[in-house]
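The listed protein sequences correspond, in order, to chains A and B.
Position 204, counted from 1, in the first sequence is what our numbering calls 204; the numbers after and before it change by one each time, with no gaps.
Position 59, counted from 1, in the second sequence is what our numbering calls 59; the numbers after and before it change by one each time, with no gaps.
Just so you know, the hints here were simulated from the structure itself, not pulled from any lab data.
Some hints could be false.
Claimed, not checked - Below, computed lysine-lysine pairings styled on PhoX-like, alpha-carbon distance capped at 25 Å: (1) A:Lys357 to B:Lys96; (2) B:Lys60 to A:Lys357; (3) B:Lys85 to A:Lys433; (4) B:Lys190 to A:Lys296; (5) A:Lys357 to B:Lys52; (6) A:Lys24 to B:Lys72.
As the list claims (entries may be wrong) - Simulated restraints on C-beta separations: (7) A:Pro430 to B:Asp108: 37 to 43 Å; (8) A:Arg29 to B:Lys60: 46 to 52 Å; (9) B:Lys60 to A:Lys193: 54 to 60 Å; (10) B:Leu303 to A:Pro430: 33 to 39 Å; (11) B:Thr293 to A:Arg29: 40 to 46 Å; (12) B:Leu166 to A:His352: 44 to 50 Å; (13) A:Pro430 to B:Arg245: 50 to 56 Å; (14) B:Asn145 to A:Asp195: 50 to 56 Å; (15) B:Ser144 to A:Ala277: 46 to 52 Å; (16) A:Ser81 to B:Arg245: 44 to 50 Å; (17) B:Leu74 to A:Thr87: 55 to 61 Å.
Said to hold, decoys possible - Over 12 Å on every C-beta distance to chain B, these chain A residues come out as not near it, computed from the model: (18) Thr69; (19) Glu223; (20) Gln226; (21) Val438; (22) Glu475; (23) Lys512.
Remember, predicted model here, so these are calculated numbers, not experimental data.
Ideal Cβ positions, reconstructed from N, Cα and C, are used throughout, including at glycine.
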Amino acid sequence: MKRIIFYFVIVFATATMTNIACNKDIEGRTDNIPALAPSNIDLNAGTWKPVLLTSPSEFAVAAPGAINTPDYIAQINEIKSWQANLTNDEKRIVQYWSAGAVLRWNEILRELVAKHNLPPYQNDDGTYPVPSASNPLAYPQFPFANPPYAARAYAYVAAAQYDALIAAWYYKTLYNRPAPYKVDSTLKVLIPKSDLPAYPSEDAVLAGVAAEMMKLLFPGDQEFIQQKAEEQKRARIIAGANVRSDIEAGEALGKAVAQKFVARARGDRAGAAVGNATLWKQLEDGCTEKGEIPWKSLETPKRPPMLPLFGKVKPFLFDSLTVITLRPGPPPSTSSEEMKAEVEAVYYQTSHPTREKMRIIDFWADGAGTYTPAGHWMSIAAEDFIRKNFSEVRWARNMALLAMAEMDAAIVCWDAKFAYFNPRPCQMNPNIKTLTGVPNFPSYISGHSTFSGAAATILGYIIPERAAAYDAMAEEAAKSRFYAGIHYEKSDCAVGLVVGKSVGDYAVKRAKSDGAE
Amino acid sequence: MKKITTQIGVGAMLLFAMLLPHSLSAQTDIDALMMSKHEFCIGPMYSYSSWKNYWEGTRKRNNENLGTVSTKMLTVMGNYGITKKVSVLFSAPYVKTKASAGTLQGLDGIQDLSLFLKWRPFQTKLGNGKLSVLGIAGVSFPLSNYTPDYLPLSIGLHSKTALGRLMVDYKWSDFFATASATYLLRDNIKIDRESYYTTELHNTHEVEMPNATNYNFRAGFRNQRWIAEAVANIWTTLGGFDITRNNMPFPSNKMNATTIGANFKYVLPPLPQLSIVAGGNTTVAGRNVGQATTVYGSIFYILDFSRKSTSTAPTLKAN
């Protein structure tokens, strides 16, 4: 009898536990979205205005072989042999990539940024090591994908993808080779059919250009990047969307376009943005000479400021002189009553945190180990673009506009930060305890506010019905930094939003004249 | 012969427990004590836990931007004897965290309610002593909407949990040894962010929490008046990932900890309803956790709800 009772206890305990531990499987928001079926294939995109290419035909793509040749038929048969014996993994990659390759590469890039967005640990002597692109796998791994680095990475990949697709569309309409399923109606098709010419394959163009760009930006992750590119190309053949020659021509075109962007990246002055000890000292002294309290690192040991020369990086949407004209006027003097009131407001905020403010802080923090504020706006944009059924080329164009706005916002913001070298609220008042990590660079103007102002402006132009929502999000993102105790509300956040919007306006100006509307 | 075997057995368990490393006070879900029928024991417990060093994955380090991280807890604990073989327990802590250095603000709030059903279905004479087998089932759930995504200063992990525990206790004269094994299920949690990186990027605000096991060994002296015991505890997270270099911790990290400690309980002679408990433990091995040292104390009072009872000295049954 006792034994029976004992077993009953065990059964009872097990039942309780099973009840509580519900299904643990978690589905990401974009894991199982349907295949991209654009409402408009944008057949004229070969005439759109590229970012760097001098013309869509700058890189030659040879005419494809005719569709009645034995070579083409052999390529159709290759698709059939894949399809004869599909594994679950093969079905999975077709499903994954069919959702849209600009989307998927943007997600992959966000993943790499999050992986690499970690400040290096100090040396024994209290200095900090700097990651080296020539030795990316040694600690500290290259890169430290901090917000400016990340914004630049998103911009280069997106802009290069956009230019490469303009070239691809140009050759598609020039050669007008049909998709394999239009040639052989017995072919199974695992993706939505399209009237878009298949040569060169837009997916292979994207794989080629994205992989080349990302190998430059994340040289330690080449194997991971290459594996994604191979997977994507295979998915298109398996799906019956492209024959091998469509893929090969596309990949070659993508790689060629990437080289143009790689050359620009090597000469855009980002490589020198870290600065050196002499420069760091100069920034501090310059601020002191003006009679202001200079910014100090609040980390122990003191960490040199993040990329003080990033403001000198060459922007995409305007020239470097415009960066100076976009620089806002100075923040209130560190000795002024105005500044004292700003500090007091921050102190009051952080002394009265509510759960809702904590939620806003956490939601927008995008700090170490995340895809950064620019990545957050990419994510917001991507999920709205999914609902718009854009063609791949329009996806690329819209992502490039957003990403270039974010990179240029980072440049303008960093220019202001190091022109004024203004201290953080908790440097002014050490009693201020923050609700997120204090970023290791000057306060004025808020990076989050600048990124968000720029993003909301261009996104509101692309999707007008969401403009008010984007503005509200940008306001909340800016406010989150004040709530967290790391920025002044009026000077850092409010001015950051205004400057961000000015940068966003340049993206809108480009959008109005790029031939896509 | 039988007598010698038992003594050796108890001695060996005691030694084993001393060598190994944790846990809270006496008369909880983790000890073999039962309440008398219709007695209700309740009391506050205060604990202070702090660490300066922590394990970032398997790498031990300190962090000058955190200094010493401390957690103060004030817990209300209660235990009611439904029968002499079945009791229910609860506990609900208020938690306050703090970092001594750096700029990060500590948090405070009401954490999770834990409920346990403790059943002693089996007890027999073995040698000169008494062998008991206990089964414990427990659940816990958050009592407030605190954030788990602010480690190491969040007040908890905000996961609903359920546990099953099997416990064996042997008491010989005034000496005892108890061993238990626990399997803990943890429900997914939601964080305020829309995405997070573990070893890959997750585009969701839901986080899968790995389950955990806990092994607890305790042995020492136990009678109606005194308990003095050494405790070792091994907590292992089944899954999860390591904190990457110079990153912040995350709720679904692989958190492991081995602790050793001691507990004392004293029942006041003039007022046998009242008992005082004190103890402490320290972390001797870990992964993705602070190397914490914890001290605690509590006062328990027993209320007797059994009408027919005429006893003036209700006590925990120190079997």
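Evaluation of the provided hints:
Distance restraint check for Lys357 of chain A and Lys96 of chain B: the Cα-Cα separation of roughly 19 Å lies within the 25 Å cut-off, and the hinted pair is therefore satisfied. Restraint check: the Cα-Cα separation between Lys60 of chain B and Lys357 of chain A comes to about 34 Å, which exceeds 25 Å; the hinted pair is violated. Distance restraint check for Lys85 of chain B and Lys433 of chain A: the Cα-Cα separation of roughly 50 Å exceeds the 25 Å cut-off, and the hinted pair is therefore not satisfied. Proximity of Lys190 of chain B to Lys296 of chain A is assessed by CA-CA distance (about 36 Å); at most 25 Å being required, the pair is judged violated.
A hinted pair counts as satisfied when its Cα atoms are at most 25 Å apart, and Lys357 of chain A with Lys52 of chain B does not qualify at roughly 29 Å. Straight-line distance between C-alpha atoms of Lys24 of chain A and Lys72 of chain B comes to about 32 Å, which puts the hinted pair past the 25 Å bound. The given range of 37 to 43 Å is broken by Pro430 of chain A and Asp108 of chain B, whose C-beta atoms sit roughly 21 Å from each other. At roughly 37 Å, the beta-carbon separation of Arg29 of chain A and Lys60 of chain B lies outside the given 46 to 52 Å, and the hint is violated.
At roughly 59 Å, the beta-carbon separation of Lys60 of chain B and Lys193 of chain A lies within the given 54 to 60 Å, and the hint holds. The hinted range of 33 to 39 Å is not satisfied by Leu303 of chain B and Pro430 of chain A, whose Cβ atoms lie roughly 49 Å apart. Taken as a hint, the range 40 to 46 Å holds for the pair Thr293 of chain B and Arg29 of chain A, whose Cβ atoms sit roughly 42 Å apart. Taken as a hint, the range 44 to 50 Å holds for the pair Leu166 of chain B and His352 of chain A, whose Cβ atoms sit roughly 47 Å apart.
As the Cβ distance of Pro430 of chain A to Arg245 of chain B is approximately 28 Å, the hint placing it in 50 to 56 Å is violated. Checked against the hint of 50 to 56 Å, the pair Asn145 of chain B and Asp195 of chain A passes, with Cβ atoms roughly 52 Å apart. Between Ser144 of chain B and Ala277 of chain A the beta carbons are some 48 Å apart, a value that agrees with the proposed interval 46 to 52 Å. The hint said 44 to 50 Å for the Cβ distance between Ser81 of chain A and Arg245 of chain B, and at roughly 46 Å that hint holds.
One distance hint, 55 to 61 Å for the beta-carbon pair Leu74 of chain B and Thr87 of chain A, holds here, with the actual separation near 57 Å. Non-interface status of Thr69 of chain A relative to chain B is upheld: no Cβ of that chain comes within 12 Å, the nearest being about 43 Å off. Non-interface call for Glu223 of chain A relative to chain B: holds, since the shortest CB-CB distance, roughly 15 Å, exceeds 12 Å. With a minimum CB-CB distance of about 17 Å to chain B, Gln226 of chain A clears the 12 Å threshold, and the non-interface call stands.
For Val438 of chain A, the non-interface assignment is contradicted: its Cβ lies about 5 Å from the closest Cβ of chain B, within the 12 Å cut-off. With a least beta-carbon separation of about 18 Å from chain B, Glu475 of chain A lies farther than 12 Å from that chain, consistent with its non-interface assignment. Here Lys512 of chain A stays apart from chain B, with its beta-carbon at least about 31 Å from theirs, past the 12 Å limit.
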